[in-house]
Amino acid sequence: MSQTQTIDPSDVGKSSAVKSVVNKQETVKMPKGQISTVALEKSYFKGQHKIPVLRGVEVAVNEGEFVSIVGQSGSGKSTLLHLMGLLDTPDVGEIFLDGDRIDDLPEKSRDQLRNHVFGFIFQFYHLLPELSLLENVLAPLMIRHSLWSFWKQRRAMREQACEIIAKVGLGHRMKHKPSELSGGELQRAAIARALITRPTVLLADEPTGNLDSDTGREIMDLLASLNEHDRLTIVMVTHDDSIARQAHRIVRLKEGRIEAVDRAA
Amino acid sequence: MYKLLLCMRYLRTRYIALASIISVTLGVATMIVVNSVMAGFSTEMRERIHGLLADVVIETNSLDGVPDAEKHMALVQQAAGKYIESMTTTVEVYGMLSFQYHGQWITRPVTLIGINPGEKAKVGPLKDFLQSYRPTIVGGIETEPAQRSMDVPPGWTLTKSAQEYRQWWIERQQMMIHGLGGEDDPLPAPLVPGESVTPPFGGEDPGPPNFDEFPNSNASTDEPGAAQQDDSAVAAPTPADSEPSTPLIADESGPTFAPPQFEAPPFEAEGAPAVDELPDSVGWVGLLDGRLYVGMGLISFPYEDDNGKVQTLMMVKPGDDVKLSTVTSGRPPDTTHFNATVVDVFKSGMSEYDSNLVFCNLEYLQKVRGMVDPSTGVRSITSIQIKLKDEADAKVVVERLQAVFPPGRYSVKTWEQKQGPLLAAVDIESAILNVLLFLIIAVAGFGILAIFYMIVVEKTRDIGILKALGAGSGGIMSIFLSYGLALGIVGSGVGVGIGILFVHYINEIEKFITWITGHKVFDERIYYFPEIPTSISATMVIWVAVGAMAIAVLASILPARRAARLRPVEALRFE
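Residue numbers (our numbering), protein chains in the order written: chain G, 1 to 265; chain V, 266 to 840.
Do not take every clue at face value.
No more than 20 Å apart at the CA atoms, straight line, and that leaves these computed lysine to aspartate or glutamate pairs for EDC-like [claimed, not checked]:
no., chain 1, residue 1, chain 2, residue 2
1, V, LYS785, V, ASP599
2, V, LYS683, V, GLU723
3, G, LYS46, V, GLU835
4, G, LYS177, V, GLU723
5, G, LYS50, V, ASP655
Reference excerpt, derived from the structure (chain V facing chain G, CB under 7 Å, subset only) [said to hold, decoys possible]:
no., residue
6, TYR267
7, MET273
8, PRO390
9, ALA668
10, ASP727
11, ILE730
12, LYS785
Treat the hints as calculated values from the structure; they're not laboratory data. Just so you know, even glycine gets a beta-carbon here, dropped at the ideal spot from N, CA and C.
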């Protein structure tokens, strides 16, 4: 897997490019799926006590698939999602993106992957309170580009952002600060922000957890349509079975292990 | 891009951070004010010192001096002529100044300097220090114009008012002596000019005065009444009068006085030791052969009048006669005394000089001290003061002159070297103050550090979001570093503004504080400056501002590192 270290950060966004690097040296133990985990283990320390959260989880998510991860609080579902999205590093185990190991990449490449490949949606929306909706949505692009190149392309990017904001139904709220938006609007804004980078995988951590059921359903419809029309791979963590059932597959976690993998409706 | 945007947004929304840079602002403002005032003092002082000394001074180590001024001047010309604008020879010697005030004799140790005022004025700004060239200023308002115009070269003549004053007191003395209407006059006689007007050298005829011009009050203009009709002139100059409101300069309004020029009559007083033989004529106000500019501090004292205003009381005024004692240049040195007329008062603002120096006419001093070779007429000097075309050449000139004038007999120094310890003391003082004030700004840096830590903790979630969106550690770090820099720029910018405004209005502020507290903050009795002198140097301002910014950035390094090291998942879990 030594090639994975040599990935040019500018190419990591294109999964085909990653693939072409990896294809030269297929390994025996190559899991299938767009994003997959192998024997993931993770534990946290609470004071002196080691608390295992994940104890050998193997999940594979195919391209264009909508997978929900359900489980009770403390079952490790959020941790699994964070590990997949490179927000954290596993103690043991490997994570593959398009057959390419990504969990041991250097910091810079991990930052690049988060920016290019993954889109994140959080339960608490996590918009930056100082920025307007438009600026929040543009933030990933600002991070990706240098000051100069952002300035050069600012019109195109603004257009793109406006388009996406309109798509999530917030066209009339561009200039508002997050504090002036409702929960549903905030989550739509967060989705818009996740989509602006044209990610291949959308990681959603309890996207409806903080919303009433009607708004939650709207958000779920939006995610489902994204999955259906844009062929976006979605991994969603939830504790609500009725929400989880809207996905293609449901992965059930219990005490850090996979309890069952169901086909949803 | 996001760094700049966020940094600006934080700057606009986090007021607590702005509070933390108030200390930076104040520190910067204080540093600018203190440095400007110190620089102002130092420049003013240097100017004054420089004004009295010349760029380069050659001095003999012996008080007896060396003969032949012309030969020395020629040597100097030869050695460093191309750098030299002008030079003058002087004689410096220690002496004692005695004058009578309130019926008692007051004696002061002085440094007596023989000069040729015309030449001396070319070497340094002598005229600026002579009171007759300055307007009378009371409470910041010019009450009287200067008695002499700046175009008139300095000489050993009296101004019109001093002349009238002299005439007045001599007439008065005459009346006292001759008992003409003196019976009911309670005033004791002031200085008796002729009392010991002895020829300086036994028997040697002093000859006619060395000055081709000297003013005399017009004998035809009226007489006794001239002085008496002016009330203040009567009240003020009487030395025995304890009225404290004696004006600085004898009250005489009117345009600049151009002395009538005529050939001086033979000096009768010189050869007339006896008082009784003084000419009786009302118009007789002939000056003595010795003419002096006396330092203000020697013959005056400041006091506070009933209104709390500082007044200067003159004990001797231009037109008065005083006694001087000094030593001759012979072996062993003999004491010698002579009387001389105070022609003008000088005030350089350096109390060290103003309370020590007495300028005398060079030729007369040389004669009195026996520095004129009786057979050849060659005169001795003790120092040569040189003004350079460009001050920056001083070092080169000193080197060249040192080669010509051996250190055993002469010392060649720039004016700065002559006043080295004083100037060095001011420099050290200002350096120490700078270090202390910079420490204050450094303390402010710790305030920034603490508040930044707080902000980083508050922004943990946002940092997590940014990292989840792909921002690198370097990016997060630079957000906080540039935030620190932005705070530093704002803080020191405002500080520079406040500092410069404060310096600009420092005298108004001083007056205001004086008005509030009732205490004089800046006492002109101590400093000799009517106003606080200031001088803002751009380099200093830039250094202070850059230093403050650097401290703000340094203080934000630690919090920025902490922010950069946050792992995104930890940051996001932070609710």
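Hint check:
{"no.": "1", "hint": "V:LYS785 to V:ASP599", "verdict": "violated (48 Å)"}
{"no.": "2", "hint": "V:LYS683 to V:GLU723", "verdict": "violated (62 Å)"}
{"no.": "3", "hint": "G:LYS46 to V:GLU835", "verdict": "holds (13 Å)"}
{"no.": "4", "hint": "G:LYS177 to V:GLU723", "verdict": "holds (18 Å)"}
{"no.": "5", "hint": "G:LYS50 to V:ASP655", "verdict": "violated (81 Å)"}
{"no.": "6", "hint": "TYR267", "verdict": "holds (4 Å)"}
{"no.": "7", "hint": "MET273", "verdict": "violated (9 Å)"}
{"no.": "8", "hint": "PRO390", "verdict": "violated (57 Å)"}
{"no.": "9", "hint": "ALA668", "verdict": "violated (63 Å)"}
{"no.": "10", "hint": "ASP727", "verdict": "holds (5 Å)"}
{"no.": "11", "hint": "ILE730", "verdict": "holds (5 Å)"}
{"no.": "12", "hint": "LYS785", "verdict": "violated (52 Å)"}
Hints 1, 2, 5, 7, 8, 9 and 12 from the list above are not met by this structure, while the remaining hints are.
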